[in-house]
Amino acid sequence: MADEPTSKQPEKRPETSEGQSSAREPSAQKPAEKPAGEKSVPPKKEAPAPWPKPLDNEMVRRFRRRFGDAILDALEDRQQAILVVAWERLREIAEYARDEEQFDMLTDLTAVDWPKREKRFDLVVNLYSFPRNERLRLKAAVGEYDQPPSLASVWAAANWLERECFDMFGIRFEGHPDLRRILLPDEWVGHPLRKDYDILQQDTAWVRENLGIESGQ
Amino acid sequence: MDAVVEFLKPHWMPLLWAVVIVAVLPLVAGYIVLLERKVMADIQARLGPMRVGPHGLLQPIADALKLLLKEDIIPANADKWIFWIAPLISVTAAMLALSAMPFGPVFQIADLNVGLLFIVAVSSLGIFGIVLGGWSSNSHYALLGALRSAAQVVSYEVAVGMALVSGLLLAGTLSMRKIVEAQAEQGIWFVFLVPVGFFIYLVAGIAELNRAPFDLPEAESELVAGYMTEYSGFRWALYFLGEYTAMVVVSGIGTTLFLGGWLRPFPNVAAFDFLDYLPAVLFLALTGYCFYRAPKQPVPIQKAVMGLFGLLCLGLAAALGWSVTLPAEAMARAGILGAFWFLAKVFLFLYSFMWFRFTFPRYRFDQLMRLGWHFLIPVSLVNVMGVGAALVLQRQAGWPLWQGLVLGTVVTLAVAAWLILARQRRPVAAPSAGGEV
Amino acid sequence: MAETPTRHVHFPGMDTTVLGADEIIINMGPQHPSTHGVLRVKLHLDGEKVIGSECIIGYLHRGVEKIAEHRSYQQFAPYVDRMDYVAAVSNGLGYCEAVEKLLEVEVPPRAKVVRTILTELQRIASHLLWLGTHALDIGALTPIFYCFREREEILKIFEKYCGARLTTHAFRIGGLQYEVYDGFEQDVKRFLADFDRKIDEYEALLTTNRIWVERTKGIGVLSAQDAIALGVTGPVLRASGVKWDIRKAFPYAAYDRYDFEIPVGSNGDTYDRYLVRMEEMRQSRRICLQAIEDIPAGPILGKVGKVMKPAPGEVYHSIEAPKGELGYYIVSDGTTQPYRVRIRPPSFINLQAFDTMVRGHLVADVVAIIGTIDIVLGEVDR
Chain A
1 MADEPTSKQP EKRPETSEGQ SSAREPSAQK PAEKPAGEKS VPPKKEAPAP WPKPLDNEMV
61 RRFRRRFGDA ILDALEDRQQ AILVVAWERL REIAEYARDE EQFDMLTDLT AVDWPKREKR
121 FDLVVNLYSF PRNERLRLKA AVGEYDQPPS LASVWAAANW LERECFDMFG IRFEGHPDLR
181 RILLPDEWVG HPLRKDYDIL QQDTAWVREN LGIESGQ
Chain B
1 MDAVVEFLKP HWMPLLWAVV IVAVLPLVAG YIVLLERKVM ADIQARLGPM RVGPHGLLQP
61 IADALKLLLK EDIIPANADK WIFWIAPLIS VTAAMLALSA MPFGPVFQIA DLNVGLLFIV
121 AVSSLGIFGI VLGGWSSNSH YALLGALRSA AQVVSYEVAV GMALVSGLLL AGTLSMRKIV
181 EAQAEQGIWF VFLVPVGFFI YLVAGIAELN RAPFDLPEAE SELVAGYMTE YSGFRWALYF
241 LGEYTAMVVV SGIGTTLFLG GWLRPFPNVA AFDFLDYLPA VLFLALTGYC FYRAPKQPVP
301 IQKAVMGLFG LLCLGLAAAL GWSVTLPAEA MARAGILGAF WFLAKVFLFL YSFMWFRFTF
361 PRYRFDQLMR LGWHFLIPVS LVNVMGVGAA LVLQRQAGWP LWQGLVLGTV VTLAVAAWLI
421 LARQRRPVAA PSAGGEV
Chain C
1 MAETPTRHVH FPGMDTTVLG ADEIIINMGP QHPSTHGVLR VKLHLDGEKV IGSECIIGYL
61 HRGVEKIAEH RSYQQFAPYV DRMDYVAAVS NGLGYCEAVE KLLEVEVPPR AKVVRTILTE
121 LQRIASHLLW LGTHALDIGA LTPIFYCFRE REEILKIFEK YCGARLTTHA FRIGGLQYEV
181 YDGFEQDVKR FLADFDRKID EYEALLTTNR IWVERTKGIG VLSAQDAIAL GVTGPVLRAS
241 GVKWDIRKAF PYAAYDRYDF EIPVGSNGDT YDRYLVRMEE MRQSRRICLQ AIEDIPAGPI
301 LGKVGKVMKP APGEVYHSIE APKGELGYYI VSDGTTQPYR VRIRPPSFIN LQAFDTMVRG
361 HLVADVVAII GTIDIVLGEV DR
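Protein chains in written order, with this note's numbering: chain A, 1 to 217; chain B, 1 to 437; chain C, 1 to 382.
None of these hints come from the bench; they were simulated from the model. Note that the structure is a prediction, hence the values are computed from the model and not measured. Keep in mind that the hints are not guaranteed to be accurate.
Keeping only pairs whose Cα atoms sit at most 27 Å apart, straight-line, the calculated DSS-like set for lysine-lysine is [as the list claims (entries may be wrong)]:
1. Lys66/C to Lys119/A
2. Lys66/C to Lys116/A
3. Lys53/A to Lys101/C
Where chain A lies over chain C, by a calculated footprint (3+ residues, C-beta under 8 Å) [unchecked claim]:
4. 54-65
5. 99-109
6. 313-324
7. 338-347
Here are a few chain B residues that face chain C, going by a calculated C-beta distance under 7 Å [said to hold, decoys possible]:
8. His140
9. Tyr363
10. Gln367
Using N, Cα and C, we set each Cβ at its ideal position, and we do this for glycine too.
Looking at chain A on its own, in the form it has when it is part of the complex (with noise of 0.2 Å):
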């Protein structure tokens, strides 16, 4: 299990975002679906990136004899460590993260939206170890429609910062203890840090139903 997505790294290098493509089915893994769903999503460049590396340590090794197929990608990207990991099996990981691995500290947790994916979201997931002074980074793919479990009951910490990532992405996480909006009012239409959300749109919309005229630009 540890060689197969080591074997396949090299074929990802000249693009950032394509492991993260590439974890959405940890069975289904045709080389040749990906680069037609990606070829629009970052302009190419000529020269190959150098980000991101695979990575294989100690600790990689040890995620993946205890998940399995569940990691899907071990990556470096400047010097950082990225785990990309299937969003059904999240919490499992975070949990053997922080017990196991030490990871003690949520750091952050946030998403990222590539739209033009089959799963469009990349939720983020940074965690730091204070006894080895390490980060780490879980990284899944998740759908517009799944539902990752939520990490609340792993780290305190997770409660508002899912419940931000669902108010700006509309990401829900499953098993949340109160998952509302948290930046934005209730009756807020729309998810603003997707990528198809139009900063005008709601200004727009505003205008027209309050003050009664087209647009206020």
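Starting from the known structure of chain A, fit chains B and C onto it as the hints suggest.
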């Protein structure tokens, strides 16, 4: 008409004085506010009001005008009548208390034989204004402020009363005038006989006034403005007037009972007679300063105001100086000089109130209650017993009074020290200890 | 429009609609003297005792992260100043370093040292503002003026350096925006010379003041475990006894050159947080004193192009801002505009600990606890 004049004849002086108090007090309160702002500015390394008039001397008038002209908002859900009348209760109670206050041997509206009792009773009625105002505002903050205020005043009333009793035992009378005369006879201010009583009075008095560090009813960082949250404009100003009048009342009681009222320092020592000239010299110096500064003011009107202020000081200096030239038994002399000393001591009190306010952080409610019930009240009880014992020892066993009082004070201080130490030995209150009240 | 869902009052672990006879719900803020901006706290009170709380935030939300996606890397830099607007220099440092990491640009040593000095001055300024407002919340009216007196000196240095006092935009990606002005060293030295004495002055007013101690000891206790679980960072974490500071853990700028201590507390209460921040100011002064002595000569800007096109990829970089770990997670898709900028705001995450800290305390402690977390709503809401 004749009958009315006949009736008024013996009362013209108190009536005049009452009119003066009601008319002048708002102005005085305004200037106390200015003084407070200046003291605050000085403590906080800045200048304070400087724009309206020279050194901000016209600031209180500008403030009063602004408050008068502001919209008078009564919240829709407020209990209108109570909301309307509550500030009046506060002001009335505080002003009524001044009626028995001797601002000197002459300037006193009525010398009641239960003067002190009357003042304390009437001034505590002011709390009704606060509680009713907070309740009628129909706002959580105001309600919390009012409840805090009620609990606080009721608790500290006991300590204040006990502290006053310790002084009263020595005076043997409740009449404000006789209390001062008793101090003149005994040749010593009571503060030196019952220092602990004075201290307790000072602390509990500040708490009764709801002033920092005990200003919880209006703690602006917690309750916005406490019971005054919903008030605005002139009604709000009335609360302020009530508060500052109450400050004068509390200072006046303390001055009368502990600091010898209108007596100058060392009233019976002829060697200190030169102190009678001090007020005049003081005001003369102030006059000189005003005239010196007047031409340096930037604007003509400020020059004029500074000059006028100088003239006012000159007038006061003249009055004080003239009174000194009169024979010692003349009423005018005693009255004018007495008023000066009384007011000077009152301002000493006021200054210390301000000083505390800008130095200390605010107590928390349960800590305030604990200080009152667990410390001040027991200590004041022991203190009263000490004074009583000293008097008994003087009369029955023939001890000199001072010996008994020293003994009583030592015992009281020992009790206080024990209370403090016992409190320190107890572990720091757990977070949930808030309910101790 | 469609029906708008109503906002439900939520207090974890309790029925929301049924109130006991003594219970009231009180709204603190968004207009309240001591919520430090537009924080709104819904307090569930039993008498004056807090039995539940909910922070309602977002009143100052400006969509900074969305704006970033429509700006080039350089254009976005001034925006970060507007988050924690009392520590704009720190925000700028974090962002510039994150982009530099993404670009893999080396910053010249002179720029690094100047950055360190300015950031530490900013830390002092931020802590001074915290001290003043915190003391004001607890009812001490005077320290804030002393604090502003010293903060003014720092702001004057900023103003002389870059023309702005609050939102400075002091740094540029790759180095410094400007060469330091003539007399910069003297100004900083003059400020630092008697700043120690000034801290003593504040401490004289507060540290051993009985009322201050009673109001802060044992208030808002946050255990080390809770602090870590809640992701709390900065002085709040250190006061809970965790000796962790990014300046030591992942040294950035020029911090690896200087000696300084990380103050830690033991009880995790408001008093310890106060002591930790006071000591941090002294340590910042120490760092500045060392740094100002020898600022290396040389260029102030590394090799960055006019057009910045980082290679595709992502980076997370964080610095020790005055309020805690300020992190920037930047994803590049190889264009001149960041694909995604995520800001890890220390105030936001620290504020989450508020509910844990406030339960069981009185209303008066609520303001002490809001003050001790040291939040800036511009950063909480972004």
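Going down the list of hints, with the structure as the test:
1. Lys66/C to Lys119/A: holds, 21 Å
2. Lys66/C to Lys116/A: OK: Lys66/C and Lys116/A at ~18 Å, within 27 Å.
3. Lys53/A to Lys101/C: holds, 16 Å
4. 54-65: holds (count 5)
5. 99-109: holds (count 3)
6. 313-324: It holds: at least three residues are needed, and the stretch 313-324 of chain C offers 5 whose Cβ sits within less than 8 Å of chain A.
7. 338-347: holds (count 4)
8. His140: holds, 5 Å
9. Tyr363: holds, 6 Å
10. Gln367: holds, 5 Å
The structure meets every hint from the earlier list without exception.
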